[in-house]
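Protein sequences, first through last, are from chains L and Y. Number 251 in numbering that gives the first Met the number 0 belongs to position 252 of the first sequence; there are no gaps in the numbering. Number 73 in numbering that gives the first Met the number 0 belongs to position 74 of the second sequence; there are no gaps in the numbering.
Check before you lean on any hint, since a few could be wrong.
[What the hints assert, rightly or not] Label-pair distances were calculated between CB atoms; the ranges are:
#1 14(Y) x 368(L): 33 to 41 angstroms
#2 12(Y) x 376(L): 22 to 30 angstroms
#3 8(Y) x 199(L): 33 to 41 angstroms
#4 79(Y) x 79(L): 16 to 24 angstroms
#5 48(Y) x 42(L): 54 to 62 angstroms
#6 396(L) x 9(Y): 39 to 47 angstroms
#7 14(Y) x 263(L): 26 to 34 angstroms
#8 79(Y) x 83(L): 30 to 38 angstroms
#9 424(L) x 8(Y): 16 to 24 angstroms
#10 79(L) x 8(Y): 21 to 29 angstroms
#11 33(Y) x 91(L): 39 to 47 angstroms
Simulated from the structure, these hints should not be mistaken for lab results. We put the beta carbon where it would ideally sit given N, CA and C, even for glycine.
Spelled out, the chains give:
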Amino acid sequence: MSGTAFDSSVLRGVDVKGATADALYQQYGLTTKDLTWEPSYVSQAELDHSEFATRVHFKDWDNFEDPFRLHYEDYCRVQSEKESVLAEQRKLAARFKDVDAIDIHWLQGMKLFYPAACNSEAEAHRGHAALARFSPSASMSMAAFYQVLDEIRHAQMDLAAMRFLRNYTNAFENWPLMYQHQWVLQTFRSLFEDMMMVEDPFEMAINTNLTLELGYSNMLFVATPTAAVANGDRLYGQHALSTQSDETRHAALGQAAIRTLLEEDERNVPIVQRWLDKWTWRHHRVFGVNGIFLDYFAKNKPMSHRQAVDKYFIEGYIEGMLEDYGPLGLKPPRFLEDILRERDTQSHIVYKLAHQYKYINFFCTFAPDEEDKAWLRNEYPNWDAVVGKYWEAVEAGDSGDVMGLPLICNLCHFPCIFPDPDTPQIFRHEHNGRTYWFCSQGCKWIFEQEPQKYQDDYTLVELIFAGRAPVLTDIENLLQYMGLRPDGSSGGDLYLSEEWRNWKGNRGRVSSVR
Amino acid sequence: MAGRNGVGDDLSRYTSDDWTGEYSRISVDLQDGDEARAIAVAAEAENDDVEVIESLGYITVRCPDRLVIRQEAVEEALGRPWNPRDLQALLSAYAGNITSAGQDGLWVLEWLGRDSKPEATGQDREASV
Chain L
0 MSGTAFDSSV LRGVDVKGAT ADALYQQYGL TTKDLTWEPS YVSQAELDHS EFATRVHFKD
60 WDNFEDPFRL HYEDYCRVQS EKESVLAEQR KLAARFKDVD AIDIHWLQGM KLFYPAACNS
120 EAEAHRGHAA LARFSPSASM SMAAFYQVLD EIRHAQMDLA AMRFLRNYTN AFENWPLMYQ
180 HQWVLQTFRS LFEDMMMVED PFEMAINTNL TLELGYSNML FVATPTAAVA NGDRLYGQHA
240 LSTQSDETRH AALGQAAIRT LLEEDERNVP IVQRWLDKWT WRHHRVFGVN GIFLDYFAKN
300 KPMSHRQAVD KYFIEGYIEG MLEDYGPLGL KPPRFLEDIL RERDTQSHIV YKLAHQYKYI
360 NFFCTFAPDE EDKAWLRNEY PNWDAVVGKY WEAVEAGDSG DVMGLPLICN LCHFPCIFPD
420 PDTPQIFRHE HNGRTYWFCS QGCKWIFEQE PQKYQDDYTL VELIFAGRAP VLTDIENLLQ
480 YMGLRPDGSS GGDLYLSEEW RNWKGNRGRV SSVR
Chain Y
0 MAGRNGVGDD LSRYTSDDWT GEYSRISVDL QDGDEARAIA VAAEAENDDV EVIESLGYIT
60 VRCPDRLVIR QEAVEEALGR PWNPRDLQAL LSAYAGNITS AGQDGLWVLE WLGRDSKPEA
120 TGQDREASV
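Make a model of the complete structure from these sequences and hints.
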């Protein structure tokens, strides 16, 4: 908040390639802290949004700095480089019909990915606009502003991919409505709305930049592209690596924020701990879905969900957290034992669920074949015990479809099928005369921490029982309500689908790539 | 890439209180290509116990405690000038803390916990509820 006059010639004509560290740092200073001001017409308290003021303790916000020291010119240069790689790739993909190389099984996973990601990224940009506006630190405001631009970029990349793929699939016809009503996507919508509607700007910095972007999104954006390329999908390959190269910057900001809060004042420790406990569990439940891309939609399987959890979640995130924040008083996330226990089962349970309700989905599912099963048994010695019987029945001719409504968790919107669908743990809770059900002690604990936030939320099944959504036997209307074609043709069993009959590209294991 | 038993089946060390730090590794995942390979060469030349692991689309460079990547060493391996800020466009994942992101021609990733004041508050987690 210094009064240095802004001299724009410092920005123009500075050759970044030849710039000294001093010049870079000077630009950073001019375009972050020097862009804020002391209000004169109103008080600082009036300017700050009372409902979104931070509760953390901090002496001087001017001391907080973005570890990347990013300034706008540098940002534009690096981002335009990333975008030009993608633009070129899209052009070539259209020209050389890259879509034919994509295995149709893998494509089903991408049909799930893009509408979920596009809407979630859009949600994230709204949240970070609030962070940019209400952060008490000028440096964090600017970093959040760049993040707003990043999240818009990501949402638009997802949109561009849907536009490209819609010539080959009808899955994306009503993607905004699907995000509002389709049952699988309610897990994502609930999570992202929860993340962006928090009481404290630093809670958002931690739930997005730390637990999501350091803890979970590497699995989706670094492990999964390897599987994508192994199944002929270079488009997702580069798309994801490019997305994640923004998220490393976000993660560095999240790490700097958490470290600063812990070091600054020990009263922050329990506040940060509660955020960490909550958001690690929230992200675990929803981003565990990533396992079905690696273990099921990928016919060529370069990495299992378990390996991805090991490398990115445990080694990259939990170990670093114990290493860095343990000495500052932070404990491992509260539900870590449950999270680690689900490492060997989550993908199987979620994929089976998607197959049981495939008739109200916008992506197709299919039974694993002999080669898939051999791989699954090798990677997961408990695979038969978890889902073996189900797939045996499907092989014997059972469709697997479940024509009844499941009990849905009032917090995460997943059916209560964990940790084992045959003997699920279900937690009941009474609050203000209403009964709530939870799939886990994690979800129940989160509800109990902030009941006023979640008490008026209704699951799809509750809406159906209340007559506010079509019933399951009124299937055409239910599908339309969810944004899907009334004939159900965007989901179902892959091998019985219109898409399978019409697909001109690869089917099964792509041999031309590793 | 980790084998099937990347971190093994006994995960109790992550939830107990006696974390020793002997397992953690600094790492960067870089989108593969000439620049990433040159960065790996530069990293190997200047840091101890560097491993380079190839995956389809990216390479992982990792080492135990601290990873330094110097602009001149990358330029030497690449055979042309290289702006260290460009590493951002290749960096798809990392483990550790980024304490220099190209400032002074350096990228530095390191653990910070060991230097922190060890006066852990020891607050019982229940206190936060």
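Consistency of the hints with the structure:
A hinted range of 33 to 41 angstroms for the beta carbons of residue 14(Y) and residue 368(L) is consistent with their spacing of about 37 angstroms. Between residue 12(Y) and residue 376(L) the C-beta distance comes to about 27 angstroms, which sits within the given range of 22 to 30 angstroms. Residue 8(Y) and residue 199(L) have their C-beta atoms about 38 angstroms apart, which keeps the hinted 33 to 41 angstroms range intact. At about 20 angstroms, the beta-carbon gap between residue 79(Y) and residue 79(L) stays in the expected band of 16 to 24 angstroms.
For residue 48(Y) and residue 42(L), the Cβ-Cβ distance of about 55 angstroms falls inside the hinted range of 54 to 62 angstroms, so the restraint holds. Judged by the Cβ atoms, the range 39 to 47 angstroms given for residue 396(L) and residue 9(Y) holds: they are separated by roughly 41 angstroms. Take residue 14(Y) and residue 263(L): their Cβ atoms lie about 27 angstroms apart, and the range 26 to 34 angstroms holds. Checked against the hint of 30 to 38 angstroms, the C-beta distance between residue 79(Y) and residue 83(L) comes to roughly 19 angstroms, which is inconsistent with it.
In this structure the hint that residue 424(L) and residue 8(Y) lie 16 to 24 angstroms apart at CB holds, the actual value being about 22 angstroms. The hint said 21 to 29 angstroms for the Cβ distance between residue 79(L) and residue 8(Y), and at roughly 46 angstroms that hint is violated. Checked against the hint of 39 to 47 angstroms, the pair residue 33(Y) and residue 91(L) fails, with Cβ atoms roughly 20 angstroms apart.
In summary, the numbered hints that this structure violates are 8, 10 and 11.
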